[in-house]
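Enquirer: Let's have the full structure, built from the sequences with the hints guiding it.
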Amino acid sequence: MPNTDKPTHTLSVYVSNKPGALARIAQVFARRGFNIESLVVSAAVDGHFSRMTITCSGDPEGLDQIIKQMMKLVDVLHCIDHTFDKSVMKEMGLIKIAVDTGSRSEALQIAEHFGCKTVDLTPESMILQVVGDPAKIDALEEMIQKFKIIEFVRTGKVVMSRGQDIT
Amino acid sequence: MTNSAMEGGQAIIRCLENEGVEYIFGYSGGSVIPIFDALVTTETKIKFILVRHEQGATHMADGYARATGKPAVVLVTSGPGATNTLTGIMTAHIDSVPMIVLSGQSVSWMLGKDAFQEADIFGMAMPVVKHSYLLRSSNEIPRTIREAFHIATTGRPGPVLIDIPKDISAGSCTADLHAEMDLPGYKLDASVDNGTILEIAEALAKSKRPLILAGHGAMISGAEESLKAFAEKAQIPVTNTLLAKGVFPETHELALGMLGMHGTAYANKAICECDLLLNIGSRFDDRILGKPELFCADATIIHIDIDNAEIGKMIQPQITCVADAKLALDELIPHVPVIDTAAWRKHLDSYKVKYPLKFKRKGSLKMQHIIDEFYKLSEGKACVATDVGQHQMWAAQFYKCDRRHNWLSSGGAGTMGFGLPACIGAAFGRPDDLHVCFVGDGGFQMTFFELATAALHKLPIKIVVLNNHYLGMVRQWQELFYEDRTSGVDLEGNPDFVKLAESFGIKGFNLRRPGDVKRVLQNALDYNDGPCLVNCEVEKTDNVFPMIPAGAAIEDMLIEPPKRKLEKPTGST
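Top line first, the protein sequences correspond to chains A and B. Position one of the first sequence corresponds to residue 1 (this note's numbering), numbered consecutively onward. Position one of the second sequence corresponds to residue 1 (this note's numbering), numbered consecutively onward.
Possibly wrong hints are sitting among the right ones.
[To be verified] Below, a list of computed lysine-lysine pairs in the DSBU-like style, where the Cα atoms sit at most 35 Å apart:
#	chain 1	residue 1	chain 2	residue 2
1	A	K68	B	K206
2	B	K187	A	K18
3	B	K47	A	K72
4	A	K18	B	K47
5	B	K313	A	K72
6	B	K400	B	K70
7	A	K90	B	K313
8	A	K18	B	K113
9	B	K291	A	K72
10	A	K90	A	K68
11	A	K68	B	K70
12	A	K90	B	K187
13	A	K18	B	K313
14	A	K86	B	K187
15	A	K68	B	K208
16	A	K72	B	K113
17	B	K291	A	K6
18	A	K68	B	K291
19	A	K68	B	K187
20	A	K72	B	K228
21	A	K18	B	K70
22	B	K313	A	K6
23	A	K72	B	K70
24	B	K187	A	K6
25	B	K313	A	K86
26	B	K313	A	K68
27	B	K568	A	K6
28	B	K187	A	K72
29	A	K68	B	K228
Calculated directly from the structure, the hints in this document are not laboratory data.
Expert: Structure, rendered in structure tokens:
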């Protein structure tokens, strides 16, 4: 079954920063037929640990099992499903488009609307940097399609719980 | 505190001593020479058992661990030495057996550069270990070994692999041999929630036809006394899984024996008719469930398991209790009422009379006859190792177990070749007990090279080869579900097993006629100069019943050979 029919979930995982930890987590997803759509890993404030944000799609019943199996991994301290809470979710995208003198000002107008920064500019192209929730980046992508998109790179979502809740 | 420097290999041996290790099962090789050297230079009391193949070492360690309840240690070299352990690690993993596998590795600076005998065993073993390590420094040795034993033996036990590059075992270790563990992500919460216990007691009080399903988790937690006290107080019948044979005496009047694909008819009928199922430490294996959506569909299901990931994996219970089985039962005993199950038990007893396990003692020689006679002659007291297949199921049916740690069988993995080395490992762990290995001619030929290990150490094991010259279980499926089109199951060209045994210096007996069963088995039992082997030429095309075809509802159990043609099974195996 194509994963596009399945809901997308956002998980945060807090793990010991040890070799192999990422491979163990990836195996849990692969074995249960879940597709990881994005994955962001970075060192936590305490360098002994890492933060992961995983966006994945698949059957929600299977997800419950995946979370339990991840919790079972010796390197995993906790795993939280943020899909239905009000956590802050952000992503960054870089879009390189082909523009010349004639089309540049219209491109800049759209960029301004989405709060983009222009981080590279040449006579034939420009790179726009966009930050926001993933839907905003999707919307920018749609609007900017009237220009030729040369390359488009997204970081994947990062998530943080609000207030006193832990991520 | 730091120690005066010692070689990494010596630190490994000292740390194993600190963990109380008696035996290491293994095989040497280039990348582990520093550790083997340390076995000599430390003058350790740990005994090293040189096997004939690394898979044999893992199954020996497994048998040792299952028979003693203590973790076992395997030591092998890098590359093929390490990959040969994978089957044994997988077997231990799925059956929750505590095992520490130390594998040598190429020197650190050659990792990933295709050095001689380099294999990424850390990566390959990942899906079949509870946890694993690749050492980066000699000073990590003490902490890692301590963590490995802790992880392997606590919670739901399992195998832990430590991959040790040669420069690490040869390098200098100055770390404290009693280093602190650092396992912030390893959560052990076996405490019992009192509210849940009361909820379970309440559900039991309302039940008219309760049934206990005892699993391996109950065995591992040492719950046998608690389980007996609980079942006797509440008067609840008990069925057990294959791996839980012995956690509740199978000769007890409340016992129904093993359930599942080849379980007793009365245990499976009890599953169909109970109104409450209390699962204590079983993972609802697919060979128990038949068709999961129909399994105990009208009963209240209660699941006690130490592993939260088992809850709701196969069956969604009404009441769940994530806890150690013994602790949960001890909490439950004072709250459980005496339940009036007289009518229910009488009903199940009528099934015992109507559908007993049976076989014919006349005509061709039957595996069941041999197992049953061995059971009687050994008074049910032997530590039994089995291999995998028809003989395993008949052994489960006819060798009743009344105490734990006396049943060693590869359940989840179904690993052929397990029986003989497991029996050897058990004999090392419990040298004063009677050990028997029931093994088919197929599985025996996968690991019979370990006869050398048994002979060398003069282990008093009885090897009963149930030789039907077939891979009988697969042949049975082909006969029943594939219109008897046998394919890839005829073991033409078997050696003469008695001569084979004799070539290792092992006493051999032949058994061909039903009338000789008692005499030949008694001779084998009386033999007291090391291992002996009984080659039993048995009926070639016998079938195991009862049988629930894989994926079928338990109601569709075949108690006797079917007269109609059967559909191909929908379940996997």
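Enquirer: Indicate, hint by hint, whether the structure satisfies it.
Expert: So, going through the hints one by one against the coordinates:
1. A hinted pair counts as satisfied when its Cα atoms are at most 35 Å apart, and K68 of chain A with K206 of chain B qualifies at roughly 32 Å.
2. For the given pair, K187 of chain B sits about 17 Å from K18 of chain A by alpha-carbon distance, which is consistent with the 35 Å threshold.
3. Between K47 of chain B and K72 of chain A, the direct Cα distance comes to roughly 34 Å. Compliance with the 35 Å bound is thereby established for this hinted pair.
4. Between K18 of chain A and K47 of chain B the alpha-carbon distance is near 33 Å, which keeps this suggested pair within the 35 Å criterion.
5. With a CA separation close to 14 Å, the supplied pair K313 of chain B and K72 of chain A stays within the 35 Å bound.
6. A distance of roughly 24 Å separates the Cα atoms of K400 of chain B and K70 of chain B; the hinted pair therefore holds under the 35 Å criterion.
7. With a C-alpha separation of about 33 Å, the suggested pair K90 of chain A and K313 of chain B falls inside the 35 Å cut-off, and the hint holds.
8. Proximity of K18 of chain A to K113 of chain B is assessed by CA-CA distance (about 22 Å); at most 35 Å being required, the pair is judged to hold.
9. Between the alpha carbons of K291 of chain B and K72 of chain A the distance comes to roughly 27 Å, so the proposed pair stays at or under 35 Å and holds.
10. A hinted pair counts as satisfied when its Cα atoms are at most 35 Å apart, and K90 of chain A with K68 of chain A qualifies at roughly 26 Å.
11. Under the criterion of a C-alpha separation no larger than 35 Å, the hint pairing K68 of chain A with K70 of chain B is consistent with the structure, at around 27 Å.
12. Taken as a hint, the K90 of chain A and K187 of chain B pair is honoured in the structure, with Cα atoms around 31 Å apart against an allowance of 35 Å.
13. For the proposed pair K18 of chain A and K313 of chain B, the alpha carbon gap of about 28 Å is at most 35 Å, so the pair holds.
14. Only pairs whose Cα atoms come within 35 Å are accepted, and K86 of chain A paired with K187 of chain B is accepted, the gap being roughly 28 Å.
15. At most 35 Å may separate the alpha-carbon atoms for a hinted pair to count; K68 of chain A and K208 of chain B meet this at roughly 34 Å.
16. Pair hint K72 of chain A plus K113 of chain B holds up; C-alpha atoms about 32 Å apart against a cutoff of 35 Å.
17. Annotation: proposed proximity of K291 of chain B to K6 of chain A holds, straight-line Cα distance about 26 Å (limit 35 Å).
18. Only pairs whose Cα atoms come within 35 Å are accepted, and K68 of chain A paired with K291 of chain B is accepted, the gap being roughly 24 Å.
19. Note on K68 of chain A and K187 of chain B: the hinted pairing holds, with a Cα-Cα distance of about 12 Å set against a maximum of 35 Å.
20. A hinted pair counts as satisfied when its Cα atoms are at most 35 Å apart, and K72 of chain A with K228 of chain B qualifies at roughly 31 Å.
21. Between the alpha carbons of K18 of chain A and K70 of chain B the distance comes to roughly 28 Å, so the proposed pair stays at or under 35 Å and holds.
22. Under the criterion of a C-alpha separation no larger than 35 Å, the hint pairing K313 of chain B with K6 of chain A is consistent with the structure, at around 20 Å.
23. Only pairs whose Cα atoms come within 35 Å are accepted, and K72 of chain A paired with K70 of chain B is accepted, the gap being roughly 22 Å.
24. Pair hint K187 of chain B plus K6 of chain A holds up; C-alpha atoms about 31 Å apart against a cutoff of 35 Å.
25. Of the pairs offered as hints, the one joining K313 of chain B and K86 of chain A holds, with about 29 Å between alpha carbons and a cut-off of 35 Å not exceeded.
26. Simply put, K313 of chain B and K68 of chain A have alpha-carbon atoms about 10 Å apart, close enough for the 35 Å limit, and the pair holds.
27. With a C-alpha separation of about 32 Å, the suggested pairing of K568 of chain B with K6 of chain A holds against the 35 Å cut-off.
28. Among the hinted pairs, K187 of chain B with K72 of chain A is consistent with the structure: their alpha-carbon atoms are about 8 Å apart, no more than 35 Å.
29. At roughly 31 Å between alpha-carbon atoms, K68 of chain A and K228 of chain B fall within 35 Å of each other, so this suggested pair holds.
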